[in-house]
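As they're listed, the protein sequences go chains A and B. Under my numbering, the first residue of the first sequence is numbered 1, with each subsequent residue one higher. Under my numbering, the first residue of the second sequence is numbered 1, with each subsequent residue one higher.
Note that these hints are calculated values from the structure, not bench results. Fair warning: this is a prediction, and the values are worked out from it, not measured in the lab. Treat the hints with caution; some may be incorrect.
Okay, the calculated beta carbon distance ranges per label pair [said to hold, decoys possible]:
#1 Q368(A) to A125(B): 54 to 60 Å
#2 M204(A) to G177(B): 44 to 50 Å
#3 S599(B) to Q96(A): 43 to 49 Å
#4 G179(A) to Q455(B): 40 to 46 Å
#5 G177(B) to G179(A): 40 to 46 Å
#6 E33(B) to D187(A): 33 to 39 Å
Below, simulated SDA-like cross-link-like pairs (lysine to any residue); rule was C-alpha separation at most 20 Å, straight line [what the hints assert, rightly or not]:
#7 K238(B) to S99(A)
#8 K560(B) to D362(A)
#9 K311(B) to T332(A)
#10 K217(A) to K590(B)
#11 K266(A) to G362(B)
#12 K590(B) to E666(B)
#13 K202(B) to D184(B)
#14 K311(B) to A330(A)
#15 K305(A) to Q20(B)
#16 K238(B) to N243(A)
#17 K217(A) to A381(B)
#18 K306(B) to D173(A)
#19 K238(B) to P164(A)
#20 K306(B) to V333(A)
#21 K258(A) to E367(B)
#22 K217(A) to R390(B)
#23 K280(B) to S94(B)
#24 K258(A) to L370(B)
Simulated coverage check for chain B against chain A, where a stretch passes if three residues somewhere in it have a Cβ under 8 Å from a Cβ of chain A [what the hints assert, rightly or not]:
#25 315-327
#26 465-478
#27 488-497
All C-beta atoms in this analysis are idealised placements derived from N, C-alpha and C, irrespective of residue type, glycine included.
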Amino acid sequence: MAYTVPPLTDFSPEALAAAAAELQAALMQESAAVTAAELEAFRNRWMARKNGILTQVNELWLKGSPKEAKREAGQRVNELNKLVTAHVEATEQRMQSASAAGQLYGDHLDVTLPGTRQPLGAEHPVMRTMHEIASVFRNLGYSIAEGPEVETDFYNFEALNFPPNHPARDTQDTLFIAGQEGKALRDRLLLRTHTSPVQIRSMMQQKPPIRVLCPGKVHRNDAADATHSPVFHQVEGLAVDENITFCDLKGTLDHAMKMLFGSSVKTRFYPSFFPFTEPSADMQISCIFCNGKGQRDGGPCRNCKSSGWIELLGCGMVDPNVYNFVDYDATTVSGFAFGMGVERIAIMKYGVDDIQLFYNGDVRFLEQFA
Amino acid sequence: MKLSPQWLREFVDVKVSNAQLAEELTLTGTAVENTVAAGDGADYSMIFEMEITTNRPDDMNHYGVAREVSALYDVPLKPIAPKLPALSDKSAPSGVTIAIEDGTGCARYTGRVIRGVKIGPSPAAIAQKLNSLDHRAINNAADATNYTLWEVGHPTHAFDLDKLEGAKIIVRRARDGETLKTLDGVERKLTREDLVIADAVKPVALAGVMGGFDSMITEATTNVLIEAAWFEPVVVRKMAKRHGMHTDASHRFERGADFGATLLAADRVAELILASAGGKLVGAPIDTIAREMSRPPILLRCSEVKRILGKVLPNREFQRILGRLGFGLTANGDDYTVEIPSWRLDVEREIDLIEELARVHGYDKFENSLPPYVGAVVELADAEKDARLRCRLLALGYNEAISLTFISSADAVGFSPAIPLALENPMSDEARMMRSSLLPGMLDMLAYNLNRGVQSVRLFEAGHVFKEAGGMVRETKRIALGAAGEALAGGVHQAAKAYSFFDVKGDVEALLAPFAANSLYYDSHTAAHYHPGRSARAVLNGATVAQFGQVHPEMAAARKIKQDVFVAEIFLDRLYQQNLRSVKYVALPKYPAVERDFSLLFPNTDATCFEPVHAAIVRLGIAELRQLEPVEVLAGGTVASVPQGSKSVLLRATFQSAERTLREEEVAQWAQAIVGAMAKLGGVLRS
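Make the full structure from the sequences, and use the hints.
Written as structure tokens, this is what we have:
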């Protein structure tokens, strides 16, 4: 039975409230059941000026009320007016958005298909490692310096305290430029075997204090195999000032290694020999694969050959002979230098098992670093 | 170098295990690279594989390392004092004369003579020790010299005295035409720079490198001359290099042997031969000194130790370290006067002594500290430009690659007009030249990928190229791009699009965009390694900053590349002459823009390429012309309405004023001017 507005005889507040409650219940029931097609009829039934339910309520419950009940009835009818209007509009809105949503759903996509991507290029792992190292030292106040890859004997050897005919030259398998016989030894051209010549060039250009980092490509006459390449990269660093000590060398490198490999990494130094430093040292870091334990996954750690340590770089206090070549006063300044192979560090960081992968441009390898 | 810790312990009493000994030696600069179990001999069951640095020839033997152990653990080093029989007749001469004619090459030559030996195998104890170091025992006399080498480190030689004509030793330079058959059986032609040991007639040994074949000890030998000498490092080194030889002896002489050890070494060899081969020592040692090698003491200041090492070492450390290593110390207030032992040719200066103190004290006993921050980091002049290009290349999808620096002679000619820089000692024929272009390497890398079934490749390399310029080298920075395959990958959402000339051009445009350009144009002047119809150069402010396009199909075919491949070369030396564009805000337009399309029919000539068309319109000087873009270009014959020999171009001009809304009449006027300019190029409006 559809709801109709009953005429009232009892206009007491209780009776008015009961009639309003009945109307409200009917409204709820009808609005819940209404369909999109019935929406207009629903609005008219409740709100049409001519004979809509609200109009009838006004007629029967307000105009038909006795004088003493007018105030009470007026208030009640007002409330019903607002309630019905709000409810009809809400019903309309609900129905509209439901239909819109249904339409949108009809256009739905398989959102689990892969997206359209423009591939980004990847930075070469060696360059990426080199930039990471440079950034650590830049933060410590080191400027970056570069130099030529084809150097003279003077910068690559002589000024670094490798005298002519010294056996230490044999440790750097050098590639020489042809046709240099007519020149004095120090002017003969060769491919730099380390980036140390840049340190000499920097010191010739600048008086102490100096903090400089020299990243770059170097060449040696090493046949290519899984661990050797005739082309590789080095980063060397130099700090010269008054009162720079061996303790500063150790502290600087220890800090840098913690920045590069994590704060739990330890360093240790032991004596070595380089013509351009005295004292000279090799530096090891605690193995980053087994945390220096020498054991991993219940077996010996292959990366550090169970020693718990990995050799990483050479360093030392700048030899006073070097200062003579660059016109620094060895009695008032002191300093340290260090140098590391970038490939070696990249190999370790990324677990690369063949150094040749760095130089053949295989995109399947390079893309892994994107 | 192999070393037996057991043998080592004959000279020092230390209780530590071999493993600990190896570790602590390494940490104080006498590096034990590996410890390995040695073959069979129970007594010499462990061997240290040493890595002795080139400055420490004195450590390349057991006694030298024992000296390090003595300093390390502060224990005495037992002396080596050969026990020789008293000469029965002191006046009986050895019968041998020694003359050093070349005092530059040989400072000292000590000889000893033993007569009546019986050559045969060495006693087991000697042979076993040599075997444990992987040295084959030869005979008792030769083994005595080898044993002495590994024990005290001084290289010695034993001659069959009866093969030395005139019983004479002359140390001299070789004469033209002289030859010598060395112990290895090789007949060697000598030069006047070679230092030889000669008898009265002929060379019998290459000084400090190898003995002669004809005077070697054989089973027939009965009389022996023992040689212990000191040869000049550079002379030995040059000689060994010249003859392509490297021996245990040359290795040590090149690095500096002990001038003071010749007598001891000769006596030690004599002692061993007498014990194993019998015979009789004849005459006193013949010790010939051409020049003395005395070195002044060094002043070692505690203040300097502190300045370099950052730490004050106690006096007892000076005594322990330097004293045990054989240095003589005289205290002098806070300083020391230090006498240098004859075996330490590497120690010449105060800093060398400081190094000795630091290493034996232990590097890890020095605290870590940081030097003061001096600030003012200076970036490289081109750092920002480098970073800008790099960032764009990565964003454009190019993977960074590094190729080798060497190219073949053919590639050097094929890819650059420059005179290439040749290597004296190239690693192979294909790597004879320093690269004069990045393209050979780039093409190799593209081919590498394509041969492995990779469909799409985009690579860039930033690096140096080299050329010769008047006896000097000119080294410049370049970037190369390489691409093949798809510009847009196909898939479920879209069709694939092949990489084309305009993709590489777009990428080059994107790379040049950050640079301030008063003028930038592209034309088709490119090098011969490019496809003549599909390549261009970019000219920025009058300088050619890039060449790019499809690689000439013949050049690609030479590398067995069948696909179309595209490359670009950016000449950074020229590009970096230009400044980066400084970005400045321009007020956004308040008034609407007006677009006009022009559909034109042109004769198809060079003069009607887009660049001259564009330039002709720009020359009209219409300030409100914001943009002029080609919307469509149809070649003649592709559609019916465009006849052969002509082409149809649809241009879109956009006008806009910053001050006002444009009036219809003025736009019409500009449009007319454009049509007029086009008419001069032969273009007619299509109706």
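> For this structure, which hints from the list above don't hold up?
Replying inline: Checked against the structure, the hints that fail are numbers 5, 7, 10, 16, 18, 25, while the rest are satisfied.
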